[in-house]
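Next come the chains, spelled out residue by residue.
2 protein chains.
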Amino acid sequence: MMCDVTTASTPLPPAICVLGAGLIGGSLIRAAAGAVPVSAWSPSPTTREAVADDGFAVHDTLDAALEAAGKAEALVVLAAPVTEFAPLIKAVDRVAPTVALTDVAGVKASVAELVDELAPRARYVGSHPMAGTQHSGWAAGSADLFRDTAWVTCLTEDSDQDVWAAVAGLALTIGSRVVPVDADAHDAAVARISHLPHLLALTLAQVGAGGGDLALALAAGSFADGTRVAASRPELVRAMCEGNREALLTAVDDALGILGVARGSLASTGSLAKLTEAGHAGRLRLDQRGQNLHEVTLRGSDLIDELLAVGAAGGYLTGLSTAGTELVATAWYPIDDYD
Amino acid sequence: MMCDVTTASTPLPPAICVLGAGLIGGSLIRAAAGAVPVSAWSPSPTTREAVADDGFAVHDTLDAALEAAGKAEALVVLAAPVTEFAPLIKAVDRVAPTVALTDVAGVKASVAELVDELAPRARYVGSHPMAGTQHSGWAAGSADLFRDTAWVTCLTEDSDQDVWAAVAGLALTIGSRVVPVDADAHDAAVARISHLPHLLALTLAQVGAGGGDLALALAAGSFADGTRVAASRPELVRAMCEGNREALLTAVDDALGILGVARGSLASTGSLAKLTEAGHAGRLRLDQRGQNLHEVTLRGSDLIDELLAVGAAGGYLTGLSTAGTELVATAWYPIDDYD
Numbered sequence: 134m135m136c137d138v139t140t141a142s143t144p145l146p147p148a149i150c151v152l153g154a155g156l157i158g159g160s161l162i163r164a165a166a167g168a169v170p171v172s173a174w175s176p177s178p179t180t181r182e183a184v185a186d187d188g189f190a191v192h193d194t195l196d197a198a199l200e201a202a203g204k205a206e207a208l209v210v211l212a213a214p215v216t217e218f219a220p221l222i223k224a225v226d227r228v229a230p231t232v233a234l235t236d237v238a239g240v241k242a243s244v245a246e247l248v249d250e251l252a253p254r255a256r257y258v259g260s261h262p263m264a265g266t267q268h269s270g271w272a273a274g275s276a277d278l279f280r281d282t283a284w285v286t287c288l289t290e291d292s293d294q295d296v297w298a299a300v301a302g303l304a305l306t307i308g309s310r311v312v313p314v315d316a317d318a319h320d321a322a323v324a325r326i327s328h329l330p331h332l333l334a335l336t337l338a339q340v341g342a343g344g345g346d347l348a349l350a351l352a353a354g355s356f357a358d359g360t361r362v363a364a365s366r367p368e369l370v371r372a373m374c375e376g377n378r379e380a381l382l383t384a385v386d387d388a389l390g391i392l393g394v395a396r397g398s399l400a401s402t403g404s405l406a407k408l409t410e411a412g413h414a415g416r417l418r419l420d421q422r423g424q425n426l427h428e429v430t431l432r433g434s435d436l437i438d439e440l441l442a443v444g445a446a447g448g449y450l451t452g453l454s455t456a457g458t459e460l461v462a463t464a465w466y467p468i469d470d471y472d
Numbered sequence: 134m135m136c137d138v139t140t141a142s143t144p145l146p147p148a149i150c151v152l153g154a155g156l157i158g159g160s161l162i163r164a165a166a167g168a169v170p171v172s173a174w175s176p177s178p179t180t181r182e183a184v185a186d187d188g189f190a191v192h193d194t195l196d197a198a199l200e201a202a203g204k205a206e207a208l209v210v211l212a213a214p215v216t217e218f219a220p221l222i223k224a225v226d227r228v229a230p231t232v233a234l235t236d237v238a239g240v241k242a243s244v245a246e247l248v249d250e251l252a253p254r255a256r257y258v259g260s261h262p263m264a265g266t267q268h269s270g271w272a273a274g275s276a277d278l279f280r281d282t283a284w285v286t287c288l289t290e291d292s293d294q295d296v297w298a299a300v301a302g303l304a305l306t307i308g309s310r311v312v313p314v315d316a317d318a319h320d321a322a323v324a325r326i327s328h329l330p331h332l333l334a335l336t337l338a339q340v341g342a343g344g345g346d347l348a349l350a351l352a353a354g355s356f357a358d359g360t361r362v363a364a365s366r367p368e369l370v371r372a373m374c375e376g377n378r379e380a381l382l383t384a385v386d387d388a389l390g391i392l393g394v395a396r397g398s399l400a401s402t403g404s405l406a407k408l409t410e411a412g413h414a415g416r417l418r419l420d421q422r423g424q425n426l427h428e429v430t431l432r433g434s435d436l437i438d439e440l441l442a443v444g445a446a447g448g449y450l451t452g453l454s455t456a457g458t459e460l461v462a463t464a465w466y467p468i469d470d471y472d
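If you read the protein sequences in the order shown, they are chains E and H.
Quick note on numbering: the first sequence equals residues 134 to 472 in this note's numbering.
Quick note on numbering: the second sequence equals residues 134 to 472 in this note's numbering.
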């Protein structure tokens, strides 16, 4: 449905409580601080001290953080490595069982299952900011990390719409484009555009180093860019990639197949025509993305379906507001597909 | 041998004649213009006009360019795509058969064979500036393209030392680090750090695009960097990679092997430990390259062996001068290896 935009307030959580203060959590703490009350906790005393030294509210214990979050009706944000989620989610169930909960992990279906299992009363909406660098830790964070990047918010017919709106509104407020998707579609997509790039960068770094000092001395832009994310901490890459095993295997098999066919063609006919043409066309699609998008306004009873259609089509939300009790979204969407 | 640096003049060619005015040739024309007389030729009338409009000397025909180069004892630089070299080399043999000749192609052994076959009297020294972008054409060039990048100069006991010194001196003068290597070592190295990165970028671009609009919408830094060189013109990538087939097949097989083993490990045990550790270590070697290098001065009867040892060890030349009739090189070299 297309209609006029109504000026109204962007939904926001009453407060947020960020568990983990590394690159993503630390950036969120900084970015959100101007918009909502923010408190944080980290398992590392050194990190807690650094966060406090920079002027942010830090709890000494996880339980204290969750008790305060429950009282403030805060949105709790899991911002630890995904391999550390289980004890955090158990603590949520023990201390603040019905809290609004999100996370910033790079996999979504498996986290949703974990929350269902360990904190079934929590009002959970998964999210994934598509931002990062090869650096990590509190000091690497930045209030601008999320600006002009995509922020995935998981959405289904069963989602708690208020929590979803609070997560999406927070992401919009800190400068992200919000992409509503279901968890499986997210996992399949990021396997191709986030996890596979890490595996290929690690592979390339190893093959390059196998060429010894001369090869590394000659390495220039193509090698430096192609291996940039191989500088990421191995344990973080493992946590991210191993947590998305099924979807990543599909992407790796696609890559092995494409590279293997190119290898065969190079060996037998000497030609790389097929790989160079198809790969170039793929990259052009990246450079041209968003060019067919037009602004639309979404509201009404089909809102969830319409939001999911926006995400699946490569579109995103740029605004969200509550007009009375109704949620109204502004989105960029490929208009030709829109009915 | 270590000794004092003697202040003397850097050897330079009396003039250069650049055949081809794309990204690399066009950048060389601009970069060298302050140091030596430069003339150019391009098969494209449009390009010739653009070069002339920017104030550089351009010949209307290939034969005129080579005749003038012969008279000026200029260094002729083949700066066309390597697939276009054969007619250029034939013209050299016909018009200026004993001219000093180099090229800037990304493969070296096959070009040396082509020159041996088609212009056997030319005094050829292969070179390869390890610089470039994903853009091409005269307009994409820049006088700064070679600054602080590696410039390979091929060297053997049979090389014409004067031509080698002129090529190396020119590269140093325009800001490059000169890496002396033999052609086969160059080809094996660049297969790993230049040609394989292109094939992996093209593969990644294709797998990403296979994820459709959602995947491309979510693509962020790791995908953008990992596919950057897939934006290069396919015919240039083909010319470069297909011309280094044997060495590239070895590098591709290494990559397929490493990625295939990682795929098996992920599928069977769920672990990516081996790939993430080894790839991260490889990338660290890139980041740490050059840290063990120390300045040495090379001269005397073993100079060619010493220059090749510098290149093979990941070192490079920063200065070259003729003191009387003797060539003296300043190099950065891993001092622990140096006797």
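Just so you know, these hints were derived from the structure itself, not from any lab.
As the structure is a prediction and not an experimental result, all values here were calculated from the model.
Among the clues, some could well be false.
[To be verified] Computed Cβ-Cβ distance ranges for the label pairs, DEER-style:
(1) H:Thr-179 x E:Gly-188: 58 to 68 angstroms
(2) E:Asp-293 x H:Val-394: 41 to 51 angstroms
(3) H:Thr-402 x E:Asp-438: 35 to 45 angstroms
(4) H:Thr-402 x E:Ser-434: 31 to 41 angstroms
(5) E:Ser-401 x H:Thr-179: 32 to 42 angstroms
(6) E:Ser-434 x H:Thr-179: 20 to 30 angstroms
(7) H:Gln-424 x E:Thr-455: 52 to 62 angstroms
(8) H:Asp-293 x E:Thr-402: 34 to 44 angstroms
(9) H:Pro-220 x E:Glu-379: 37 to 47 angstroms
For each residue, glycine too, the CB sits at the ideal point set by N, CA and C.
Exercise. Of the hints stated earlier, which fail here?
Worked result: Of the numbered hints given earlier, those the structure breaks are 4, 6, 9, listed in rising order.
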